[in-house]
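Undergrad: The residues making up each chain are set out below.
Protein chains: 2
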Amino acid sequence: MKDKIKIPRCDGISDEEFRESILPKREPVIITGLDIGLCKSLWTVDYLSNKIGDKQVKVHVSKDKQMDFIKKNFIYKTISFRSLIKRASEREHEEFFLDKNEVYYLRALGDDPRGRDVSDFKKHYSGISDDIIFPAYFEPSQYFSSVFRIGSSGCQLWTHYDIMDNMLIQVKGRKRVVLFNPQDTQNLYLNGDKSEIIDIDNPDYEKFPKFKNVMFYEGFLEPGDVIFIPALWMHNVISLDFGIAVNVFWKNLDNSFYNQKDPYGNRDLVPAEKALQSLETALKSLKELPKDYSDFYHRRILSRVERSLNEL
Amino acid sequence: MKDKIKIPRCDGISDEEFRESILPKREPVIITGLDIGLCKSLWTVDYLSNKIGDKQVKVHVSKDKQMDFIKKNFIYKTISFRSLIKRASEREHEEFFLDKNEVYYLRALGDDPRGRDVSDFKKHYSGISDDIIFPAYFEPSQYFSSVFRIGSSGCQLWTHYDIMDNMLIQVKGRKRVVLFNPQDTQNLYLNGDKSEIIDIDNPDYEKFPKFKNVMFYEGFLEPGDVIFIPALWMHNVISLDFGIAVNVFWKNLDNSFYNQKDPYGNRDLVPAEKALQSLETALKSLKELPKDYSDFYHRRILSRVERSLNEL
Numbered sequence: 001m002k003d004k005i006k007i008p009r010c011d012g013i014s015d016e017e018f019r020e021s022i023l024p025k026r027e028p029v030i031i032t033g034l035d036i037g038l039c040k041s042l043w044t045v046d047y048l049s050n051k052i053g054d055k056q057v058k059v060h061v062s063k064d065k066q067m068d069f070i071k072k073n074f075i076y077k078t079i080s081f082r083s084l085i086k087r088a089s090e091r092e093h094e095e096f097f098l099d100k101n102e103v104y105y106l107r108a109l110g111d112d113p114r115g116r117d118v119s120d121f122k123k124h125y126s127g128i129s130d131d132i133i134f135p136a137y138f139e140p141s142q143y144f145s146s147v148f149r150i151g152s153s154g155c156q157l158w159t160h161y162d163i164m165d166n167m168l169i170q171v172k173g174r175k176r177v178v179l180f181n182p183q184d185t186q187n188l189y190l191n192g193d194k195s196e197i198i199d200i201d202n203p204d205y206e207k208f209p210k211f212k213n214v215m216f217y218e219g220f221l222e223p224g225d226v227i228f229i230p231a232l233w234m235h236n237v238i239s240l241d242f243g244i245a246v247n248v249f250w251k252n253l254d255n256s257f258y259n260q261k262d263p264y265g266n267r268d269l270v271p272a273e274k275a276l277q278s279l280e281t282a283l284k285s286l287k288e289l290p291k292d293y294s295d296f297y298h299r300r301i302l303s304r305v306e307r308s309l310n311e312l
Numbered sequence: 001m002k003d004k005i006k007i008p009r010c011d012g013i014s015d016e017e018f019r020e021s022i023l024p025k026r027e028p029v030i031i032t033g034l035d036i037g038l039c040k041s042l043w044t045v046d047y048l049s050n051k052i053g054d055k056q057v058k059v060h061v062s063k064d065k066q067m068d069f070i071k072k073n074f075i076y077k078t079i080s081f082r083s084l085i086k087r088a089s090e091r092e093h094e095e096f097f098l099d100k101n102e103v104y105y106l107r108a109l110g111d112d113p114r115g116r117d118v119s120d121f122k123k124h125y126s127g128i129s130d131d132i133i134f135p136a137y138f139e140p141s142q143y144f145s146s147v148f149r150i151g152s153s154g155c156q157l158w159t160h161y162d163i164m165d166n167m168l169i170q171v172k173g174r175k176r177v178v179l180f181n182p183q184d185t186q187n188l189y190l191n192g193d194k195s196e197i198i199d200i201d202n203p204d205y206e207k208f209p210k211f212k213n214v215m216f217y218e219g220f221l222e223p224g225d226v227i228f229i230p231a232l233w234m235h236n237v238i239s240l241d242f243g244i245a246v247n248v249f250w251k252n253l254d255n256s257f258y259n260q261k262d263p264y265g266n267r268d269l270v271p272a273e274k275a276l277q278s279l280e281t282a283l284k285s286l287k288e289l290p291k292d293y294s295d296f297y298h299r300r301i302l303s304r305v306e307r308s309l310n311e312l
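Chains as they are written, first to last, in full-length UniProt numbering: chain A, 1 to 312; chain B, 1 to 312.
Don't read these hints as lab results, they were simulated from the structure.
Please note that a few of the clues may not be correct.
Here are the simulated BS3-like pairs of lysine-lysine, each with C-alpha atoms no more than 30 Å apart in a straight line [as the list claims (entries may be wrong)]:
no.: 1; chain 1: B; residue 1: K291; chain 2: A; residue 2: K284
no.: 2; chain 1: A; residue 1: K291; chain 2: B; residue 2: K25
no.: 3; chain 1: A; residue 1: K274; chain 2: B; residue 2: K291
no.: 4; chain 1: B; residue 1: K274; chain 2: A; residue 2: K274
no.: 5; chain 1: B; residue 1: K25; chain 2: A; residue 2: K287
no.: 6; chain 1: A; residue 1: K291; chain 2: B; residue 2: K212
no.: 7; chain 1: B; residue 1: K274; chain 2: A; residue 2: K291
no.: 8; chain 1: A; residue 1: K212; chain 2: B; residue 2: K291
no.: 9; chain 1: A; residue 1: K194; chain 2: B; residue 2: K284
no.: 10; chain 1: B; residue 1: K291; chain 2: A; residue 2: K251
no.: 11; chain 1: A; residue 1: K287; chain 2: B; residue 2: K261
no.: 12; chain 1: A; residue 1: K284; chain 2: B; residue 2: K251
no.: 13; chain 1: A; residue 1: K274; chain 2: B; residue 2: K287
no.: 14; chain 1: A; residue 1: K207; chain 2: B; residue 2: K212
no.: 15; chain 1: B; residue 1: K4; chain 2: A; residue 2: K291
no.: 16; chain 1: A; residue 1: K284; chain 2: B; residue 2: K210
no.: 17; chain 1: A; residue 1: K287; chain 2: B; residue 2: K284
no.: 18; chain 1: A; residue 1: K274; chain 2: B; residue 2: K284
no.: 19; chain 1: A; residue 1: K25; chain 2: B; residue 2: K287
no.: 20; chain 1: A; residue 1: K287; chain 2: B; residue 2: K274
no.: 21; chain 1: A; residue 1: K212; chain 2: B; residue 2: K212
Using the sequences and the hints given, assemble the complete structure.
TA: Below, the structure written as structure tokens:
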């Protein structure tokens with residue numbers, strides 16, 4: 001691993017400053033001292049249990065704190081919000097699915113049972129929606145979704161990227177966030193939008209040698225901190241405590257770039273998805289060739305893509 | 001540049017030895033001491049002028065000895081074979097098109113005026129066809145074409161690859177041949193089947209930094225030597241003297257891999273051509289994206305191709 005870059009912490013950025021000085025740089029920043037509303041003091045286990053305890057939520061349950069979306073080392077369970085928040089806030093469980101030390105992770109969904117609607121915190125958690133104030137850095141027309149996230153202490157989320165700009169509002173607990181520059185994508189062994197490297201601090205360099213070239217952008221979130229994660233920046237998040245957060249996704253490109261059938265906001269941009277499909281067609285064609293010819297034409301394709309990249 | 005590898009010289013390889021020990025290795029070899037017929041002694045300027053002097057041939061004419069197919073630093077002229085062989089064998093010309101020191105290069109074509117038939121030495125140069133014996137290393141069914149090549153002293157041919165196995169029979173003059181392993185394709189800045197690096201001995205490393213990684217396979221051909229250039233091996237040829245050669249192309253894959261509308265035998269194999277076309281579609285899609293997104297998805301594509309290459 002190369003040296004780490006500390007994600008800058010900036011105090012009380014105004015809307016104007018954000019739009020003029022931060023957004024165009026397209027680099028992550030932790031914004032401190034924002035007024036995020038009463039949630040910071042109100043959102044205790046008891047308060048949330050009283051307000052929204054009966055709501056049924058679908059949660060990730062895992063024996064392993066390092067969650068792996070590719071290998072799926074977790075199960076999904078639907079439980080009451082009351083049960084989730086109790087279990088997520090305790091280290092050892094009387095009631096459990098897999099293990100008394102299992103961890104929980106909620107990524108809120110919409111109310112559509114088929115999961116086809118976009119997560120909208122203020123709509124789906126209307127009982128507590130007035131407790132939190134979202135930053136007004138973006139235009140309302142750019143708003144896409146807002147996601148309630150709750151996780152057990154120690155819970156680590158797989159490295160992935162989103163195609164929209166993301167403001168993560170940390171309400172309770174501390175988090176360590178590690179971000180990777182989009183230019184490091186070749187060093188991250190992506191499989192779709194997710195990295196195959198789960199343990200980023202103790203990676204298997206034999207399997208993932210290029211990860212040695214990667215630059216860590218590291219930051220620590222305290223309750224009340226808001227981090228700006230620009231679109232395409234890959235990120236890995238560890239909850240250092242039982243944590244509650246809401247993140248808000250904003251479109252930073254014209255609407256036509258986004259797939260309209262994408263409630264999670266993680267499908268690749270329309271022209272990118274087409275490009276990746278054409279590439280698969282190309283790779284399928286190469287499979288018809290004998291190995292040495294296929295090897296050669298893979299390399300020809302690599303050169304061609306590198307040339308196109310250099311011409312950008 | 002890395003160290004050079006000397007292309008091995010092997011004396012009088014039998015058909016059996018070639019098929020069992022040389023062909024499967026798919027590496028270049030210079031074969032000496034073969035019986036290539038009477039051409040070695042018969043093919044003087046006078047003899048060839050008498051035999052085929054009136055035949056009209058289309059030749060490359062250039063002021064620059066280093067011919068550049070991409071930048072086209074030559075012109076095509078149609079002259080009599082008599083005139084070609086006189087001019088190609090002399091250093092300074094009384095009659096010339098561009099310059100009294102211009103160089104000439106003939107790559108024989110078929111007789112079809114639209115250039116749509118395959119070059120077949122024994123058919124198109126029947127007056128001298130009995131003078132030369134082609135090696136019998138391949139099956140007659142694999143035969144594709146045979147090309148008469150004549151060049152001025154010092155004439156250097158652009159680095160390129162062919163998709164078929166090639167036996168180059170050097171009849172008159174000496175040649176220096178430099179070959180590059182197909183695995184070096186990314187270091188050669190190919191544009192189609194041709195390298196953009198013309199002066200391989202004094203390359204512009206600022207423009208072509210990866211060429212530093214390339215391995216030269218070098219050999220020198222004397223009259224009577226035959227070099228086996230396997231398909232996909234990129235090659236650069238310099239005539240150290242006025243030179244006469246014939247090379248024979250052989251298919252080493254099933255017929256269905258080759259484009260049936262390819263008289264020169266340099267169109268990419270059918271599945272490869274399809275793959276390269278799909279790749280262009282992909283790159284075109286990426287052009288619709290803003291620069292930073294396009295950059296990111298170029299890198300995603302590079303990773304995907306690298307993964308596919310590693311899985312071969």
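Undergrad: Run every hint past the structure and note whether it holds.
TA: Results of checking the hints against the structure:
Among the hinted pairs, K291(B) with K284(A) is consistent with the structure: their alpha-carbon atoms are about 28 Å apart, no more than 30 Å. For the given pair, K291(A) sits about 14 Å from K25(B) by alpha-carbon distance, which is consistent with the 30 Å threshold. The suggested pairing of K274(A) with K291(B) holds, with an alpha-carbon distance near 17 Å, which does not exceed 30 Å. This hinted pair checks out: K274(B) and K274(A) have alpha carbons roughly 17 Å apart, not beyond 30 Å.
Only pairs whose Cα atoms come within 30 Å are accepted, and K25(B) paired with K287(A) is accepted, the gap being roughly 22 Å. In summary, the hint linking K291(A) to K212(B) is supported, as the alpha carbons are separated by about 26 Å, within the 30 Å threshold. At most 30 Å may separate the alpha-carbon atoms for a hinted pair to count; K274(B) and K291(A) meet this at roughly 17 Å. With a CA separation close to 26 Å, the supplied pair K212(A) and K291(B) stays within the 30 Å bound.
With a C-alpha separation of about 25 Å, the suggested pairing of K194(A) with K284(B) holds against the 30 Å cut-off. For the given pair, K291(B) sits about 16 Å from K251(A) by alpha-carbon distance, which is consistent with the 30 Å threshold. Taking the CA atoms of K287(A) and K261(B), the gap is about 23 Å. The hint holds against a cut of 30 Å. With a C-alpha separation of about 23 Å, the suggested pair K284(A) and K251(B) falls inside the 30 Å cut-off, and the hint holds.
Simply put, K274(A) and K287(B) have alpha-carbon atoms about 12 Å apart, close enough for the 30 Å limit, and the pair holds. A threshold of 30 Å between alpha carbons decides the hint, and for K207(A) with K212(B) the separation of about 28 Å falls inside it, so the pair holds. For the hint pairing K4(B) with K291(A), the CA-to-CA distance comes to about 26 Å; that is within 30 Å, so the pair holds. Taking the CA atoms of K284(A) and K210(B), the gap is about 28 Å. The hint holds against a cut of 30 Å.
A C-alpha spacing of about 23 Å is found between K287(A) and K284(B), which places the hinted pair at or below 30 Å, so the restraint holds. In summary, the hint linking K274(A) to K284(B) is supported, as the alpha carbons are separated by about 10 Å, within the 30 Å threshold. Of the pairs offered as hints, the one joining K25(A) and K287(B) holds, with about 22 Å between alpha carbons and a cut-off of 30 Å not exceeded. The suggested pairing of K287(A) with K274(B) holds, with an alpha-carbon distance near 12 Å, which does not exceed 30 Å.
A distance of roughly 24 Å separates the Cα atoms of K212(A) and K212(B); the hinted pair therefore holds under the 30 Å criterion.
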